[in-house]
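Chain A is fixed; fit chains B and C onto it per the hints.
Spelled out, the chains give:
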Amino acid sequence: MKKTTNRFGVRGGRTNFVPIYVLLGVVVLLFAVLRIFPIFKVFYMSLFDWNMAKGTQDFIGFKNFTDMFSDATFTSAMLRTIYIGLEILIITVPLGLFIANAINKNFSRRSRTLVQTGLFIPYIVPMVPTVIMWKWLFNTKYGLINYVITLLGGSNLSWLNNGALAEQAIVIITVWKNLGYCVLIFSVGLAGIPRVYYEAAELDGASSGKTFWKITLPQLRPVLVYVSVIMLIRGFNVYTQAYILCSDASGSPGYVVRTVVYDMVENGFKFYKMGYAAAEAVALFVAMFLFSIVQFVFGDEERMDAWRSKLRMAKGR
Amino acid sequence: MLKQVRARYRLTLSLRRWTKTVILVALVLIFLVPFFYMVGSAFKTSTDINSYPPSILPTEFYGGNFQTLIETAPFGQFFLNSLKMAVISAVGVVITSALAGFIFAKYKFRANKLFFALIFATSMIPFEMYMIPLYIDMVNAGLGNSFVGIVSPYVIMSFGVFFMRQICMQQIPDDLIDAARIDGCSEIQIFVRIVFPLLKSAIAALAILAFVEGWNAFVWPLIMAQSNTLFTMEVGLALFQTTFNVDLGAVAAGSLCSIAPILLVFLLFRRQIMESIAMTGMKG
Amino acid sequence: MKRLLCYLLAAATALSLCACANPDNSSGGSDQDGKVTISVWSGYPDQQAWFDWLVPAFEEANPDIHVELTTFPISDFETKVFAAIPAGTCADVITINPSYVYSFAGANKFAEVPDDLKELVESGIYDSAVVKECSYDGEVVCVPHMLSNAAWFYNEAYFEDAGLVDENGDPILPTNMEEVIQTANQLAKRDADGNLTNSGISLRITGAGSGTCEKWWVLLMQYGGTLLDEVSDGKYVAGYNNQAGFDTMRFYLRNLYEYGSDNFEVEHDTAAFLAGETAMFARESSVIVEAEKYPELRYGTFPMFEANIAITKSWYVLDNGDAEKEAAAWKFIEFANQPDSMVQFHHLSGYQPARKDLDVETLVAGVEQREAFFEDFDTIYTYVAIDEFQEIMVKMADRLMEAYANPDLLTDDDALWTFLDEMAAETNALLEDNGHYGG
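For the protein sequence lines, the chains are A, B and C, in the order given.
Each residue of the first sequence is one higher than the one before, starting from 1 at the first, in our numbering.
Each residue of the second sequence is one higher than the one before, starting from 1 at the first, in our numbering.
Each residue of the third sequence is one higher than the one before, starting from 1 at the first, in our numbering.
Next up, chain A with everything else stripped away, as it sits in the complex (with noise of 0.2 angstroms):
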């Protein structure tokens, strides 16, 4: 039968897609009101000088965010923000797709339960505990950390003050928590590739890297996407860590790991600034965006492709 589809996907006036658009209009409708409508709020914010406590609202253009990108605080907050990131999203990928595809195919059925359950423990474990808990394993002298450091020859260091460490501390436990998630997500992307295609390459005598790069990967590129982009976001997004980090008196200074979302915290509830913090908001929102189209068109796959054979065409191959 021959099918004609127009443009709005509606096959020969068959099918009634309107029921199913309606389920979707509900959907939409739902975060709409849950996070569109406020999230607007938001952005409309950063151009006032909004003070919540006496209610003033001063519209003052783009002030907020000229005075966010000349001040010292802002921009090393970015920065840093942006290095834990991006650091967190090179060590988390990689990794969880390393240990699901492992142990994927090659372990018993009991070893891979352990491993999933284990590596998932952590994601379970709410962030505020799971912070604290770190933070004692950090301490120069009485944490564990150190101690084994010590054990193996080294001498302690100062994970909460020293600005890298504090970094590093940060995104090892970004990367403890989430890596569960990771493999999990990998496990089902996985978990969807046919069987066949495994069983053809076998059949061709295909070695394991061999058919992990061809095979695996760019079927599990949908998956890989969202993976990508979920731990940047997790990653830009990243608060209780240092809030947690440098509470109470033995914590660590707060310049040594401001990221923004803590920066737009303190600025919007302690300082009532709201619409700095909005500015704020709305700086991390673009760079994240940015970041996340990135890895969209990296996705693509007939985008890719299409620029593959042009650059191949430019090669003169």
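Worth flagging that the hints you see were computed from the coordinates, not collected in a lab.
It is possible that some hints are incorrect.
[Claimed, not checked] In the SDA-like style, the derived pairs of lysine to any residue whose C-alpha atoms are separated by at most 20 angstroms in a straight line are:
{"id": "1", "chain 1": "C", "residue 1": "K293", "chain 2": "B", "residue 2": "Y62"}
{"id": "2", "chain 1": "C", "residue 1": "K189", "chain 2": "A", "residue 2": "Y142"}
{"id": "3", "chain 1": "A", "residue 1": "K214", "chain 2": "A", "residue 2": "V225"}
[Said to hold, decoys possible] A few chain C residues that don't get close to chain A, going by computed Cβ distances all over 10 angstroms:
{"id": "4", "residue": "N62"}
{"id": "5", "residue": "K132"}
{"id": "6", "residue": "S135"}
{"id": "7", "residue": "I181"}
{"id": "8", "residue": "Q182"}
{"id": "9", "residue": "S232"}
{"id": "10", "residue": "Y257"}
{"id": "11", "residue": "F305"}
{"id": "12", "residue": "A307"}
{"id": "13", "residue": "D319"}
{"id": "14", "residue": "P339"}
{"id": "15", "residue": "V343"}
{"id": "16", "residue": "E361"}
{"id": "17", "residue": "Q369"}
{"id": "18", "residue": "E375"}
{"id": "19", "residue": "E402"}
We put the CB at the ideal spot given by N, CA and C, even for glycine.
For chains B and C alone, coordinates are given in the frame of chain A:
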């Protein structure tokens, strides 16, 4: 002779497998050391926690932290609240995300990319930022200090929609949908009868993740709750942070009580997740 | 095997449920048969013991009023109040630091204080600085409840070990800041290589938000300075880029780098002191309640030298439009503020009552470490009631912590003055932005 060779081959194979397993188990256990430390701390006195050199196991078993939990606040109520949040969240997120994700993945309409981008973009704004406007909207709608108000932001998850979209793109072939259409299924029937069952693995995973999010909700219940009858577990645990320091033992004990049910749910759902989808003869 | 595990976990869950379930110990009901119900919010879990005494005592004395008190976690209490007041969902009564809700007072969110309570507040039983903090536009808007001030804590064993005792075996305590430096040096314990193992003084050189600035401020007062000088009504300038500020910075730097009585590696603050890791530190009186858990610790206190801080928390009644509830709320506050209640408060929570007319002996009740906190000073400083005060303190704290980590400032006078000037410039800029600059 051949039998011997085969037997030896099987032995070396299983030996290799066995060593791999042992190494793997060891790595996982090392990875979990911080968690074991937390478990141990739940049963330590505070002097024990502060002792040097630090150890994972308590020097003597101390049940007092759990008693502190009971005495400080009605953690049983917090537990129930967290449970309700988590279950409702899981159900809501799965339904909305699967539906939206599927439609975004498989249907062509002009607003597709736009709506998806909007929904996706909401995940990039930290919740702390838009919770005040949301709170005011909720209060104006009369939902302040109500369980409905507390749980509503958690029945949708933009990560969930994103995830389901990617899964549908990867795992649901267009041909299957077309075939169903030819057979006369309505769109909704296609979703419910055909697509939904195929997504079992992803749905199980999403259910768990939403469950965890709902369970660990902190800031929103704190803002919304007028009295501690609506506190969740994590809000309750925050009560142990005083001006001086944190009662690590109590926090660890509370966290353990928090983790047990989630772990249970995870183990129950895990098999669903790991089941391979056998699709024969679909893609040439 | 897996089934067994699942059953085990199910059992654990059920057990947790049972173990944690207990009769709802926070009153949860709405208006019961003719009673007026008022809701009270506190953000201070360490005052729970007092509230557990206070609420039943009050309800017994006032059978027609029911109090629903909820304690929130300390970390986000201000955020919650901040969200609740504009939305109109705040409790009838809250206890909070005036500087956090100062702007709300200006926006008339709070009920007017009844005349008799106003008279009480202005009757001279509170420090004038505290009364000022609790006023907006000359009117008293809240009732001061408690204050946090500072005194020195010392570990007796360290003095004995260092031989710093007189003929009676009593420790020879420092009487001024210079002597604190010298004493700290003698009390510090070092290993064979000269590395510090136990600090002679535990300085506040790291940690959250404004606390570092606060502690610096207290020591700055001992040198005669303060954070903000009020040059005219409502106008301020930075009051610390002068010799007092210079000396305070040198106090820290000399302890850290000249004598090495403290450094960044050792444990700090209350946890360290209670564990016997450090010889001296300055903190609030609530440490004494914490110390009850460490009965083997032999410690004493001695007061600050020149001036002291008084970080207040006050009772606020929200203007929720219900006159009956307001009246009940003020009754509650009056009861909580009575001398008997405040004595209980001091004993159960360790914090200082804000009112100064209570019998010191009753308050001290034989625990002599409490005495040092009741020392009277002519000069008392409180948080300044301007919106930007928190921001000023937090920004200063960041700068201070960076400076503490810089040993060059010990000897380089010019660099230190530059540091102070830059910090003051930032403070003044913040004042200017908000129209409070008096320079």
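Evaluated hints:
Simply put, K293(C) and Y62(B) have alpha-carbon atoms about 16 angstroms apart, close enough for the 20 angstroms limit, and the pair holds. For the suggested pair K189(C) and Y142(A), the alpha carbons sit about 18 angstroms apart, so the restraint of at most 20 angstroms is met. At roughly 17 angstroms between alpha-carbon atoms, K214(A) and V225(A) fall within 20 angstroms of each other, so this suggested pair holds. Distance check for N62(C) against chain A: the nearest CB is about 33 angstroms away, which clears 10 angstroms, and the non-interface claim stands.
Under the 10 angstroms C-beta cut-off, the non-interface status given to K132(C) relative to chain A holds; the minimum distance is some 19 angstroms. Distance to chain A confirms S135(C) as a non-interface residue, since its nearest Cβ pair spans about 17 angstroms, more than 10 angstroms. For I181(C), the non-interface assignment is confirmed: its Cβ lies about 21 angstroms from the closest Cβ of chain A, beyond the 10 angstroms cut-off. Remark: the non-interface label on Q182(C) is consistent with the geometry, its nearest Cβ contact in chain A lying 25 angstroms away (cut-off 10 angstroms).
Taking the minimum C-beta to C-beta distance to chain A, about 22 angstroms, the non-interface status of S232(C) holds against the 10 angstroms cut. With a least CB separation of 15 angstroms from chain A, Y257(C) remains clear of the 10 angstroms interface cut-off, as annotated. Every C-beta of chain A lies more than 10 angstroms from that of F305(C), the closest at about 22 angstroms, which supports listing it as non-interface. At roughly 22 angstroms, the least C-beta separation between A307(C) and chain A is larger than 10 angstroms, which holds for a residue marked as non-interface.
A cut-off of 10 angstroms between C-beta atoms confirms that D319(C) is not in contact with chain A; the least separation is 14 angstroms. Residue placement check: P339(C) keeps its beta carbon more than 10 angstroms from all beta carbons of chain A (closest about 32 angstroms). Distance check for V343(C) against chain A: the nearest CB is about 29 angstroms away, which clears 10 angstroms, and the non-interface claim stands. The Cβ of E361(C) sits about 32 angstroms from the closest Cβ of chain A, beyond the 10 angstroms cut-off, so the non-interface label holds.
The claim that Q369(C) lies off the interface holds: its Cβ sits roughly 20 angstroms from the closest Cβ of chain A, which is beyond the 10 angstroms cut-off. Its beta-carbon lying about 23 angstroms from the closest one in chain A, E375(C) satisfies the requirement of being farther than 10 angstroms from that chain. For E402(C), the shortest C-beta to C-beta distance to chain A comes to about 6 angstroms, within the 10 angstroms cut-off, and the non-interface label is violated.
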